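Visitor: Let's have the full structure, built from the sequences with the hints guiding it.
For the record, the sequence lines run as chains S and R.
Here the first sequence is numbered in my numbering, starting from -4 and rising by one per residue.
Here the second sequence is numbered in my numbering, starting from 97 and rising by one per residue.
None of these hints come from the bench; they were simulated from the model.
Treat the numbers as computed from the prediction; the structure is a model and nothing was measured.
Don't be surprised by glycine CBs; every beta carbon is placed ideally from N, CA and C.
Misleading hints may appear alongside valid ones.
To be verified - Footprint (simulated), chain S over chain R, 3 or more residues, beta carbon under 8 Å:
1) 127 to 140
2) 201 to 214
3) 271 to 278
4) 306 to 317
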Amino acid sequence: MTNNHRIDRRRFLAGAAQAAGLLLLAGCDNLSRSEWFPRLLGGAEGLTRRAQRLLTSRKAMAKEYTEAELSPVFPANGNNDPDNPDYQAMAQNGFADWKLQIGGLVQHPASLSLAELRALPARTQITRHDCVEGWSAIGKWKGAPLGMLLSLAQPLPAARYVVFHCADPDEDDQAYYESLDFEDAYHPQTILAYELNDHTLPVAHGAPIRLRVERQLGYKHAKYVMRIELVEGFESIAGGKGGYWEDQGYEWYAGI
Amino acid sequence: MRIYRHKLPVRIGHWINVLCLPILIMSGLQIFNAHPALYWGDRSDRDRPLLSMRMVVTENGERKGITTVLGHPFDTTGLLGYSSDMRRGFPSWATLPGPQWLAMGRRWHLFFAWFFVINGLIFGLYAIISRHLTRDLFPWWKDLRGLGRALLDHLLFRHPKGEEAKRYNVLQKIAYTGVIFGLGPLIVLTGLSMSPMIDAAFPGLLTLFGGRQGARTIHFVACFAFVGFVVVHLAMVAITGLWNNLRSMFTGWFAVAEHEGPHDEQPSH
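Guide: Given below as structure tokens:
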């Protein structure tokens, strides 16, 4: 008798706890879908960025590895073969007709061929790529330091961000893009890579060039970069959040 | 007899943790689900995971959730790897938000992590400065000598009464000190070690935690250590006088039975 009561009570409590739990979960999911709550949560991003910048010196370098530590397979994530006829035509031709455009708020807009980019002093680095999903891979990248290209183009005083326009569109025809502030753009390990593991950068990894910004997560490392634009703000570009994944709710500051 | 057991900073810190921990754990599982596998070292070589949760389609088209731990596969259909007709690490009832939504999971996680860390720092400093740590929490040698007996008493559900119930017993001391000054800092530091910017600023962190993937693995294990602590803690709260314990964590006042009477023991934090 007492035992039955106890079991009933236990069952009731378990049921009540479960119901309360489900209600809470549904409430949290509703919050996630609201306008204001994700914005509130997003407020932490500014705090994180400021705190990390405060703790990290401007020149603090991402760890560099040895050849022995290279990943046996470097996974290619996101778009691996841009669904873009212009891009495909250039790829067929070994990117001989490709030119990197540097424009926007600069004194000297520039246009560089792959050969010209390769002729610039290069930096080679073996670094770890941390995907926002949680995996990491180590690769050897060679490319032209972005800071050097920016110095050539000479940003105007109003310029605050460097925007990378890419050749890979999604199903809705929105092209990939990314943006950096000057602190990361001029960092010595921020390069436009044209080689991975001593080979010409494969299409799956962003040929002809991909951005490497080693102190941030993988989605910042834009592949298939076609055009670099210096801007005062990125509110008017695509979704206005400064990058393709940023427009889908990811943080603009991807140092964490 | 009633004693004033929990000072205000302890109670505030406790309830902030009650809010933060479930959110951090569940949004953490959401983030884990984006790549439901763990590794050691700096790389995640996909053929060498310590743990992985996968969906496998059998020959007759049946979908199964397979969790592999150190090379040993387990069928975890419905819980891990495959649940609610979906390929996912942890099931939707365990993640925040429920559906697969990495960006939103990160928002919850990185927002409440700030509260958890600031709360932990303030509480840790308070405990040291107010001597709450040295007086009430730290398991000194004289406490540890009673460890065997305390273990036995707990296993027999004999909980301290009267004078002894006014203080934390040695098991509580070990658990609270370990969680506040061990597990807490460990989970925060391994979390920070997954930030590429923090790695650039403090390269020693990754050496300490076995690489970036090692840090992720320790973070995951520490998360389940927290889950284990909370489960035992809640069980003890319930067993040793649910309302008395709850009231003491709201008002600070804790009833101590003189001799016979309801079992009194005093989980907190």
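Visitor: So, for every hint listed, does it hold in this structure?
Guide: For each hint, the structure was consulted:
no.	hint	result
1	127 to 140	holds (count 8)
2	201 to 214	holds (count 7)
3	271 to 278	violated (count 0)
4	306 to 317	holds (count 3)
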